[in-house]
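Colleague: In case you want the letters, here they are:
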Amino acid sequence: MAAQQFGDSLKEKFGDRVLAVDAAEPDQLRVEIVPESLVEVADYLYNDQGCRFVINGGTDRRERNGKFLITHFFAQDEEKLYIAVHAEVDGDDPRIDSITPTIPGANWSEREARDMVGVVPEGHPDPRRLVLADDWPEDLYPLRTDVEHGVKPPSCAGVAMPLVEPPEGASVVPIGPYFPVLEEPEYFRIFVEGETVVGADYRGFYNHRGVEKLGCSVLTYNQIPFIAERICGICGFVHSTSYCQAVEQAAGIEVPDRAEYIRTIVLELERVHSHMLWLGIAGHIIGFDTVLMQTWRMREPLMWLCERITGNRKTYGMNLVGGVRRDIEPEVYGDITDVLAKIEKEWRALCDAIPGDPTLMARLKGTGELPEEKARELAAVGPTARGSGIAIDVRVDHPYAAYDRVEVKKCVYDSCDNVARVLVRLDETLEAINIIRQALAEIPDGPIMAEIDEEIPPGRQAMSAVEAPRGEVFHWLLTGEENRPERWRVRAPTYANLQSVPTMVTGDTLADVPIDIGSFDPCFSCTDRMEVTDVKSGIIRVYTQDEMLALRESKQPAR
Amino acid sequence: MLSKLKEAILCFAAGIVTLMYPFAPHDPEEDFRGYPEVDVNRCIGCGGCAAVCPARAILIEDIDQTTRRITRLRERCIYCGRCADVCPQDAITMTKQFELASDKAREDLEHVCEVFMATCKRCGRCYEPPSPLDKIMQPGYRDDEIKRGGQDPLYEPVEVSSE
Numbered sequence: 001m002a003a004q005q006f007g008d009s010l011k012e013k014f015g016d017r018v019l020a021v022d023a024a025e026p027d028q029l030r031v032e033i034v035p036e037s038l039v040e041v042a043d044y045l046y047n048d049q050g051c052r053f054v055i056n057g058g059t060d061r062r063e064r065n066g067k068f069l070i071t072h073f074f075a076q077d078e079e080k081l082y083i084a085v086h087a088e089v090d091g092d093d094p095r096i097d098s099i100t101p102t103i104p105g106a107n108w109s110e111r112e113a114r115d116m117v118g119v120v121p122e123g124h125p126d127p128r129r130l131v132l133a134d135d136w137p138e139d140l141y142p143l144r145t146d147v148e149h150g151v152k153p154p155s156c157a158g159v160a161m162p163l164v165e166p167p168e169g170a171s172v173v174p175i176g177p178y179f180p181v182l183e184e185p186e187y188f189r190i191f192v193e194g195e196t197v198v199g200a201d202y203r204g205f206y207n208h209r210g211v212e213k214l215g216c217s218v219l220t221y222n223q224i225p226f227i228a229e230r231i232c233g234i235c236g237f238v239h240s241t242s243y244c245q246a247v248e249q250a251a252g253i254e255v256p257d258r259a260e261y262i263r264t265i266v267l268e269l270e271r272v273h274s275h276m277l278w279l280g281i282a283g284h285i286i287g288f289d290t291v292l293m294q295t296w297r298m299r300e301p302l303m304w305l306c307e308r309i310t311g312n313r314k315t316y317g318m319n320l321v322g323g324v325r326r327d328i329e330p331e332v333y334g335d336i337t338d339v340l341a342k343i344e345k346e347w348r349a350l351c352d353a354i355p356g357d358p359t360l361m362a363r364l365k366g367t368g369e370l371p372e373e374k375a376r377e378l379a380a381v382g383p384t385a386r387g388s389g390i391a392i393d394v395r396v397d398h399p400y401a402a403y404d405r406v407e408v409k410k411c412v413y414d415s416c417d418n419v420a421r422v423l424v425r426l427d428e429t430l431e432a433i434n435i436i437r438q439a440l441a442e443i444p445d446g447p448i449m450a451e452i453d454e455e456i457p458p459g460r461q462a463m464s465a466v467e468a469p470r471g472e473v474f475h476w477l478l479t480g481e482e483n484r485p486e487r488w489r490v491r492a493p494t495y496a497n498l499q500s501v502p503t504m505v506t507g508d509t510l511a512d513v514p515i516d517i518g519s520f521d522p523c524f525s526c527t528d529r530m531e532v533t534d535v536k537s538g539i540i541r542v543y544t545q546d547e548m549l550a551l552r553e554s555k556q557p558a559r
Numbered sequence: 001m002l003s004k005l006k007e008a009i010l011c012f013a014a015g016i017v018t019l020m021y022p023f024a025p026h027d028p029e030e031d032f033r034g035y036p037e038v039d040v041n042r043c044i045g046c047g048g049c050a051a052v053c054p055a056r057a058i059l060i061e062d063i064d065q066t067t068r069r070i071t072r073l074r075e076r077c078i079y080c081g082r083c084a085d086v087c088p089q090d091a092i093t094m095t096k097q098f099e100l101a102s103d104k105a106r107e108d109l110e111h112v113c114e115v116f117m118a119t120c121k122r123c124g125r126c127y128e129p130p131s132p133l134d135k136i137m138q139p140g141y142r143d144d145e146i147k148r149g150g151q152d153p154l155y156e157p158v159e160v161s162s163e
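If you read the sequences in order, they're chains A and B.
Note that the numbering used here gives residue 30 to position 30 of the first sequence, counting from 1, and the numbers run on in steps of one.
Note that the numbering used here gives residue 50 to position 50 of the second sequence, counting from 1, and the numbers run on in steps of one.
This is chain A alone, in the form it adopts within the complex (with noise of 0.2 Å):
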């Protein structure tokens, strides 16, 4: 009911500049509206009814309409809803206003609508190009319908990245563009004074993998399932899901009981060993390899136990459109029982010597500060938004699978450090194990999956998310012909994360910034499909190709 409520209201105080509002789901509310009054009903929204920002994306309509689809999504978290902004701007000369200088977190993703689709979001701070690599052609938009998926371009040689100068009187120091510690491409630039970081440049989004192109380009219905896993190396079960759940929710087919249970005892069993993982990294970041050695000493059981329940350590390859393709069979129960009670032991002596360790406190407590009214502001979710004692957790907020019938706890601590964000992550992987239990203990008899016998009809649309190790997983699906997605958008928790980076490590010294980083489980694989910049001073320059290498030429030796 919460969604027509919702949807009255807004239409209520924007009269005709809301078109459309369709609230055909209570917890989904998909509004239409001129794109003028963007900014104003995304004031409306963050400001006053206290929505989050989750992302934004573009939809090439063009065949259709002539037009550009370009959605906001939001969330409101109390009322359990998620809400879908739609306006739809001109084909030939596509502009929109930009609510970045309304709200920081959706600086990313305006300007990868800009990239992908073409759609310039006017007003933007820093309009410099996001996803795309530095000498991709201006008017070649890859994510429209009239670009092919295997385009690819003459690379251009003698491109560099677009460098911000540091504030004066500051050294810069690379940290890449390999992360020394996860084998993961990225760029941080940190300046720093002394000791004293004083701001960040950061450049990623180096391994595009065009997954969202190949989902509406190629692939069918079920074989997005498997690319979907792909998108993160660690926590790729829950993007099969939140998939599945967009298509199912679109196309009103039931899951059976038995199939969610056993989503949520895959999607516990993932956040357990992602956490697990985790904490070894950090430990290992910190130079304390005894937590790396131990930690993941403590997990191999735990993967040898999925490979068991689904085939793979990881990439479960569990899901399809309709339910999970392998039934848990009884006689594992008592496995998966087992192995967690080892681990429970384990974990909670070591959840009983970590907060008092001398060593790793010093290191970590008071570092990587995130106040929480930042962490709102750059939309940052799970764990890191948890540790800045902001109370959201999809899994409790937005239930799905089988989450509404077992007990799930959040936890949240309000210290906004790097400590936090430990014990965060220390409790859940207890509170995970106590879930599978819980699923376990209740979980039915039946069939794994539905019985599919109609084609998925075109044009519905569905939002889901997941509680992913790292936040909120968010999946907008809306369905076209061919058997597969007109337009699939995915938000990986880490693409929201990653821009809080800059106020995390500012003011810590240089030696903190590998934890800061660290600390909120960065999986730029998730992200790869560009960047963020703070600077001191607040300016931020753009540099065109030209400028680029002119700077290039002036600051080599002359030959």
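Heads up, a few of these hints could be off.
Some, not all, of what chain A presents toward chain B, calculated at C-beta under 8 Å [said to hold, decoys possible]:
id: 1; residue: L219
id: 2; residue: Q223
id: 3; residue: R297
id: 4; residue: W304
id: 5; residue: E307
id: 6; residue: R308
id: 7; residue: E346
id: 8; residue: R348
id: 9; residue: A349
id: 10; residue: D352
id: 11; residue: S415
Quick list of in silico lysine-lysine cross-link-like pairs, DSS-like style, CA-CA up to 30 Å [stated by the list, open to error]:
id: 12; chain 1: B; residue 1: K4; chain 2: A; residue 2: K345
id: 13; chain 1: A; residue 1: K345; chain 2: B; residue 2: K6
id: 14; chain 1: A; residue 1: K314; chain 2: B; residue 2: K4
id: 15; chain 1: A; residue 1: K365; chain 2: B; residue 2: K4
id: 16; chain 1: B; residue 1: K6; chain 2: A; residue 2: K409
id: 17; chain 1: A; residue 1: K342; chain 2: A; residue 2: K314
id: 18; chain 1: B; residue 1: K6; chain 2: A; residue 2: K152
id: 19; chain 1: B; residue 1: K6; chain 2: A; residue 2: K365
id: 20; chain 1: B; residue 1: K104; chain 2: A; residue 2: K342
id: 21; chain 1: A; residue 1: K410; chain 2: B; residue 2: K6
id: 22; chain 1: A; residue 1: K314; chain 2: B; residue 2: K96
id: 23; chain 1: A; residue 1: K365; chain 2: A; residue 2: K410
id: 24; chain 1: B; residue 1: K104; chain 2: A; residue 2: K314
id: 25; chain 1: A; residue 1: K342; chain 2: B; residue 2: K121
id: 26; chain 1: A; residue 1: K314; chain 2: A; residue 2: K409
id: 27; chain 1: A; residue 1: K314; chain 2: A; residue 2: K374
Calculated directly from the structure, the hints in this document are not laboratory data.
C-beta atoms are modelled at their ideal positions from N, C-alpha and C, and glycine is treated no differently.
We have chain A; now place chain B onto it with these hints.
Modeller: Leaving out everything else, chain B in the frame of chain A:
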């Protein structure tokens, strides 16, 4: 100090856990999804595997009116096992084999099978009679996309000018 002691206990209690792999074999669990083995004698050339393959690793070509060639580019295989799921002849089995590293993966892992097909009297092309595959509801094969113009866009991308 107390914490350090607790940590030490945790480490010592674990004992030695290192496996001797690769000097001693380490078998994966039952139901592991490893290298997909194909029983070429059972294959009827229906193309169901090619239609469901998320990695588009299976190519179907009708090389003449009676022969269908099925090429499996195992270098692209993601071991999801969908082909084994949908095969109406149970010709594909996911094995426990996972040690597939090779410096010539593309050639070493390529698997080709040619199936003798009946010819349609009307159009003269290979066909298969209606089978349980009708349930799969997947339109079209994907070979045209991968081997367009005899070139594989995955290895030789289509070039467009930047103008």
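Colleague: Hint by hint, note whether the structure agrees.
Modeller: A quick look at each hint next to the structure:
1. L219: 7 Å, holds
2. Q223: Holds, because the Cβ-Cβ distance from Q223 of chain A to chain B comes to roughly 4 Å (cut-off 8 Å).
3. R297: Because about 6 Å separates R297 of chain A from the closest Cβ in chain B, which is inside the 8 Å limit, the hint holds.
4. W304: With a minimum Cβ separation of about 6 Å from chain B (threshold 8 Å), the hint on W304 of chain A holds.
5. E307: 5 Å, holds
6. R308: 4 Å, holds
7. E346: With Cβ-Cβ at 7 Å, under 8 Å, it holds.
8. R348: For R348 of chain A, the interface hint is violated, since the closest Cβ of chain B sits about 11 Å away, which is over 8 Å.
9. A349: Hint on A349 of chain A: holds, closest Cβ of chain B at ~5 Å, below 8 Å.
10. D352: Where the cut-off is 8 Å and the nearest Cβ of chain B is about 6 Å from D352 of chain A, the hint holds.
11. S415: 19 Å, violated
12. B:K4 / A:K345: 18 Å, holds
13. A:K345 / B:K6: 13 Å, holds
14. A:K314 / B:K4: Distance of about 33 Å is beyond 30 Å: violated.
15. A:K365 / B:K4: 18 Å, holds
16. B:K6 / A:K409: Holds, at about 28 Å.
17. A:K342 / A:K314: Cα-Cα ~21 Å, so holds.
18. B:K6 / A:K152: 56 Å, violated
19. B:K6 / A:K365: OK: K6 of chain B and K365 of chain A at ~21 Å, within 30 Å.
20. B:K104 / A:K342: 43 Å, violated
21. A:K410 / B:K6: Given pair K410 of chain A, K6 of chain B holds - Cα atoms ~28 Å apart, limit 30 Å.
22. A:K314 / B:K96: Within the cut-off at roughly 15 Å; holds.
23. A:K365 / A:K410: Holds, because 22 Å separates the two Cα atoms, which is no more than 30 Å.
24. B:K104 / A:K314: 25 Å, holds
25. A:K342 / B:K121: 66 Å, violated
26. A:K314 / A:K409: 26 Å, holds
27. A:K314 / A:K374: Status violated; Cα separation ~34 Å.
Hint check: violations occur at hints 8, 11, 14, 18, 20, 25 and 27; the rest are consistent with the structure.
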